[in-house]
Structures are given as C-alpha cells and as structure tokens.
Amino acid sequence: MADDVKILGMPAESGRWILVIVGTIIELCLGSVYAYSVLSVPLKKVFTDPVSAGGFGLTVSAIEMQLPYIVSLACFAFTMPLVGKYIESMGPRKVGMIGGVIVGLGWILASFATSPITLAVLYGAVAGVGVGIAYGCPITTTARWFPDKRGLAVGLTLFGFGFAAFVTGKIADVLTASVGIFTTFQILGVAFLILLVALSTFLVFPPAGWTPKGWKPPAAIAGAAKSEFTRGEMVKTKTFTGLWICYTIGALAGLMAIGVAKPAGMEVAGNAGMEAVAAGVLMTNLILPFALCNAGGRPLFGTLTDKLTPPRAAILSYVLIIAASLLVYMNPTSVNMYAISFSILWLCLGGWLAIAPAATANYFGTKDYARNYGLVYTAYGVGAIIGNLMAGAAKDMLGGYVNVFPYVAGLSVLGIIVALVMLKPPVISTR
Numbered sequence: 001m002a003d004d005v006k007i008l009g010m011p012a013e014s015g016r017w018i019l020v021i022v023g024t025i026i027e028l029c030l031g032s033v034y035a036y037s038v039l040s041v042p043l044k045k046v047f048t049d050p051v052s053a054g055g056f057g058l059t060v061s062a063i064e065m066q067l068p069y070i071v072s073l074a075c076f077a078f079t080m081p082l083v084g085k086y087i088e089s090m091g092p093r094k095v096g097m098i099g100g101v102i103v104g105l106g107w108i109l110a111s112f113a114t115s116p117i118t119l120a121v122l123y124g125a126v127a128g129v130g131v132g133i134a135y136g137c138p139i140t141t142t143a144r145w146f147p148d149k150r151g152l153a154v155g156l157t158l159f160g161f162g163f164a165a166f167v168t169g170k171i172a173d174v175l176t177a178s179v180g181i182f183t184t185f186q187i188l189g190v191a192f193l194i195l196l197v198a199l200s201t202f203l204v205f206p207p208a209g210w211t212p213k214g215w216k217p218p219a220a221i222a223g224a225a226k227s228e229f230t231r232g233e234m235v236k237t238k239t240f241t242g243l244w245i246c247y248t249i250g251a252l253a254g255l256m257a258i259g260v261a262k263p264a265g266m267e268v269a270g271n272a273g274m275e276a277v278a279a280g281v282l283m284t285n286l287i288l289p290f291a292l293c294n295a296g297g298r299p300l301f302g303t304l305t306d307k308l309t310p311p312r313a314a315i316l317s318y319v320l321i322i323a324a325s326l327l328v329y330m331n332p333t334s335v336n337m338y339a340i341s342f343s344i345l346w347l348c349l350g351g352w353l354a355i356a357p358a359a360t361a362n363y364f365g366t367k368d369y370a371r372n373y374g375l376v377y378t379a380y381g382v383g384a385i386i387g388n389l390m391a392g393a394a395k396d397m398l399g400g401y402v403n404v405f406p407y408v409a410g411l412s413v414l415g416i417i418v419a420l421v422m423l424k425p426p427v428i429s430t431r
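Per the working numbering, the sequence shown starts with residue 1, numbered consecutively.
Keep in mind the hints are simulated off the structure, nothing from the lab.
Be a bit skeptical, because a hint or two may be false.
What the hints assert, rightly or not - Derived lysine-lysine pairs resembling DSS-like cross-links, with alpha carbons at most 27 Å apart:
hint	residue 1	residue 2
1	170	45
2	395	94
3	395	44
Said to hold, decoys possible - Between beta-carbon pairs, the in silico distance windows are:
hint	residue 1	residue 2	range
4	289	177	21 to 29 Å
5	198	396	43 to 51 Å
6	382	420	19 to 27 Å
Note that beta-carbon positions come from the ideal geometry of N, C-alpha and C, so glycine has one too.
Sequences and hints are given; from them, build the entire structure.
Printed below as a string of structure tokens:
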C-alpha cells in the first residue's frame, strides 16, 4: 500500500513533507494571536485619543487593554477539546477551512471595535474560537502521516505558531504606520482567511492501515499496553493525569515568561541602571531571539521526544527551566542573564508544544488523537492562567517579577517527580 499512495502526485514518503510545510504556514497564520502585544499600543492610542483627534475619547486601564488577549487565549485553549471529534468525522480539510473563515472574520470584525470590550468579543472570542477550531487540523494530519518521525514532524509544523508573533508583529508595525490600525486588521483578516482556507484543502489523512515503506510499529509490551485509546479510556489512565500535570507546569513557566518578558526585562534593566528609552528598545529587539527560541523548541524537542522518550524529554525541559529560573532570580541586575534565562524559557514553552502532542500520540495512538490531544491541551490554558496570576502576585506582593522564579523552579521539581512516576505507557485495567 505504501507504494500506491500519492500526495500531490509524489510518493507519500516524500510528498508527506509538503504537508509539513503547509501545516507550518497554517500555524504561522493561527499563531498571529500572540502578536496582540504589538497591536495593543496603537489600539490604546485610538481608544484614548479625544474624538476631535479621531479617537474614541475613552479612559482605558492596562487590564482592560489585556482583556482581548486573555479572551482569545481562553477561547483558543478551551475550544480545542470540543473540535476533535469533528476532525475525525468531517476530516481536517473541512474543519480547517471552517476555522480559517472564523479566524479571518474575527480579524476583519475587530476593525469595527469601539472599545476594549467590543474588541474582546470581535477579536478575542471570534478569532480565538477560530484558532481553537483550526489549530489541531495540521497537527493531527502530520501525526498520521509520520508514525516514524512523529515528534519531528509535529515540532516542525508548530514552528510556525511559535514564530508568528514576530512575523505578524513586524507586518502589523509596517501596515499600521501606513494605513492605520483598523485597516491593518482588515488586511490581515482577508489575508488569513484566504491563506487558511486555501491551505486547508491540502489536509487529508492517509488511507487506513498506511505506514511508511519499510517501517513497522514498535512491538507492544506483552500484556500491558494497547496502542489506541478513545478519550474515555485515556482519561482513566495514570499516564493522562501525569501528562496533563506536566504540560500545565511546562506551559505555566513558558507562558508566564512570554507574558512578562518586556516588563520583567525593563525591571532588570532598571536595576542595572539602564536608561528607560534604551531599555525599551533593547527589550523590543530581544523579541526576535526569544521568538526564534520558542519556534525552534518545537522541532528540537520533537526530535528529542522521538529519541529520548517523552518522560526524558520532559525532565530535560524541567532541568532547563530550573536553571533559567535560578539564573534570572540570582542575577536581578544583569540584562545578559535575563536574556539567556528568557531565551531558555521561551525555548522550553516551544518544547512542550511538541512534547505534549507527540506524547499523546505515542501513548494513546492516533485513531482518536484529535479528541485526545484536545483534552490534553486544556493544560495549556490552565497553565496560562496560573502563570500570569503568579507573575502578577509576585509583582504586587513581593515587589518584582523576578521573585516569581523560585516558585517556578519548585514547580519544575514537582514536574520531574511526576514525569518519573506517571509518564509511562498506559495500562488498561482488566478488573
């Protein structure tokens, strides 16, 4: 069967890499949700400028300006578990196209926002739901086509999501300067709609029973594990609980680092005596290496997951998080140590976005993968909420963002223990 299957007229073994490229571009469009921090500056100006100057004359707090981003992240994370069954029944092509239309509409509708609240609904909720619908389609597709290199393929696909904040942010900067923020939303919305719908037409599952030429599935452990789990079976295993906890901790550390990257960096630069304007420029420029680390963490840890197994890859990420946390905490006046630490934290977040989907497929199979990983992915949303609450509490109660990192290191030690004890091939009870 392997010799008969074609992708775009090419043998499946080579043609399947085209699907990785397609998936990477799709995720690049979807990951634009993380460019909101770039968009929020001109948005706040429009909302607060007087009516006579073309604005809305509102008084807007920092929390209100963060609301659209928070809503988009929440809608994204908690839509995914609801979509898996439709990816299986309708196929990734149709679901991806639907998600792409909703993402594009969300960006276009955002151009009609008159306040942070309406932006939270039009951009945050609509686009966030669209991202949640479409996000799993390329991942599920590549996981099916690459049983032999699953971690690498999924990691490469997700490279686009990790790098999207920088790409979209740069494009948005140029467009906003020339046509204004709301026209920028319209242009990006139309572009995302067209790209996502067009590229989703390439997303198809392999025929049932297809495997790469010469590849054989690993032999199952006698009497222990089964290879395919439904979502109902998965949630009854200790492996699922362990993976969910580990993913929450990994996401918590990384998403917190992304959320406070600039203010924490400004804090460290201030401690070092750096002038505020120069510090602001430096922190903005550091987004590029941070984004590269975040994006590169996906294929890097995807490959490591294939070679080392999921628990060892998880433990490696926690060791790096502990080292980064202690490095920035013990050097609160060193901008260089800050840059190194946050590069590692962004890298590890990208790593978990490869470890978790690869581990889900490795432990629970690919037959019900979309629904299974959708549920596992809720750990990402929970980690985002907890991480940002911890960072805010550290700033308000302990006087600085760097004071959160001993707690992050402590949670990472817990993650190592959970990985050692619970991240093992699942066993179906015979009782």
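What hint numbers does the structure not satisfy?
-> Going through the list in order, the structure violates hint 2 alone and respects the others.
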